[in-house]
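S.K.: If you're matching them up, the sequences are chains A and B in order. For the first sequence, this note's numbering assigns the number 78 to the initial residue and increments by one for each residue that follows. For the second sequence, this note's numbering assigns the number 339 to the initial residue and increments by one for each residue that follows.
Worth flagging that the hints you see were computed from the coordinates, not collected in a lab. Here a beta-carbon is modelled for each residue, glycine too, at the ideal position from N, C-alpha and C. Incorrect hints may appear among the rest.
As the list claims (entries may be wrong) - Each pair of labels, with its calculated beta carbon distance range: (1) A/211 to B/453: 16 to 22 Å; (2) A/180 to B/502: 55 to 61 Å; (3) B/426 to A/187: 33 to 39 Å; (4) B/365 to A/187: 24 to 30 Å; (5) A/87 to B/341: 42 to 48 Å; (6) A/168 to B/453: 45 to 51 Å; (7) B/432 to A/92: 40 to 46 Å; (8) A/82 to B/376: 53 to 59 Å.
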Amino acid sequence: MIDKRSYLGIPLARRSTRRWLVIGTWVLMLLLVAYFPALLRIRPVNFGYSGGWAFGIGLLVVNLLSAKSGRGIVRDFDLRSSEEGPADYSFMTPEDIVARKEAERHNRLDEREVKARNAAHYRAFTVLRWTGSVLVFAAIADQSPSFVDMRESLLLLFFLLTQWLPQSLILWTEPDMEDQP
Amino acid sequence: MIKKATYLGIPIRRRKNRRWLVVSYWIVVLVFLASLHWNPAMQSLLLGRFPSHGWAGPVATILTSVLFGYLTTCLGGVFERGMLSEWDGPLDERDIRVRNAAHFEAYRIFRMIIFPFALILAVVFGTVWSHYQKLAAPLLLLLWCLVFSLPQSLILWFEPDMEEPQ
């Protein structure tokens, strides 16, 4: 599920290192969540919305670890699994088909990876369910302006959880990689 | 994964029936939320919009929580009620696979819709005295329904027909 042995110079083969990375990035995220309402209210200087850049920082950090297009540490979640049917090879030359099959063989998630991916999403969704409930409860229980900050922070936290929790769980739980010969 | 042959008197062995049930469920939710947005009486009852009564807010919050708690768990999964087995109960290997795969798909849908959702809510939360405020409650309650019912809906939608008893 993790296809890089190091990322930005940080070795990822050991689970303990990956766990420190997860803790570090979540601390950064939670700081951003806590200060998000204050950042939103800074007067805009060059951009239309002052909070846009704070949101941008969050998205950037999320993207660093995201499982999209091979950019991050965790393999792309949407890669074809071995359980899915054959791909559509119509209108392709034989050479292209061979090249594509080779690429697919390399990119395909195996059974263990699909299992780990889906289990991580189940656990993440459980967290999402209860965070969503707290957000809704906090927002409808008191609609006074004094709680606006809390609602905005909770909303950002919920957003970050939807984007990034499964990847964190995978980084946290995947065992140490075998040493290279 | 589906633990009952009938639900509210409706046979759910056939996938077709389950799909109608899922569609009906989401229609009920959406009609309910739309009426909450448009109907002042519903807003007063469920959101405590009575300017002169301090107690109305907490009472309305409890009422809304109970009502939506009931509505969102009626498909099952989260608690021991509804059509589906409890997620954390004793499930066999196939059920666990189906449960986890449904959550993966639900999460994928969620990840796609959350950005516009969060953006609208951020604008709504940020503008304190605007007519957009009225949107906040229905949107938040829709979010609640989605986190509690989307994986269940996917399972009920995609699970094949059950075998007839001998």
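S.K.: Could you run down the list of hints and mark each one as holding or not?
M.R.: Hint check:
1. A/211 to B/453: 16 to 22 Å: holds (20 Å)
2. A/180 to B/502: 55 to 61 Å: violated (45 Å)
3. B/426 to A/187: 33 to 39 Å: For residue 426 of chain B and residue 187 of chain A the Cβ distance comes to about 27 Å; the hint is violated.
4. B/365 to A/187: 24 to 30 Å: At roughly 40 Å between Cβ atoms, residue 187 of chain A and residue 365 of chain B fall outside 24 to 30 Å, so the hint is violated.
5. A/87 to B/341: 42 to 48 Å: Given range 42 to 48 Å: holds, Cβ gap about 46 Å.
6. A/168 to B/453: 45 to 51 Å: violated (34 Å)
7. B/432 to A/92: 40 to 46 Å: violated (29 Å)
8. A/82 to B/376: 53 to 59 Å: Roughly 57 Å apart at Cβ, these two residues keep to the hinted range, so it holds.
Consistency with the previously given hints fails for numbers 2, 3, 4, 6, 7, ordered from lowest to highest.
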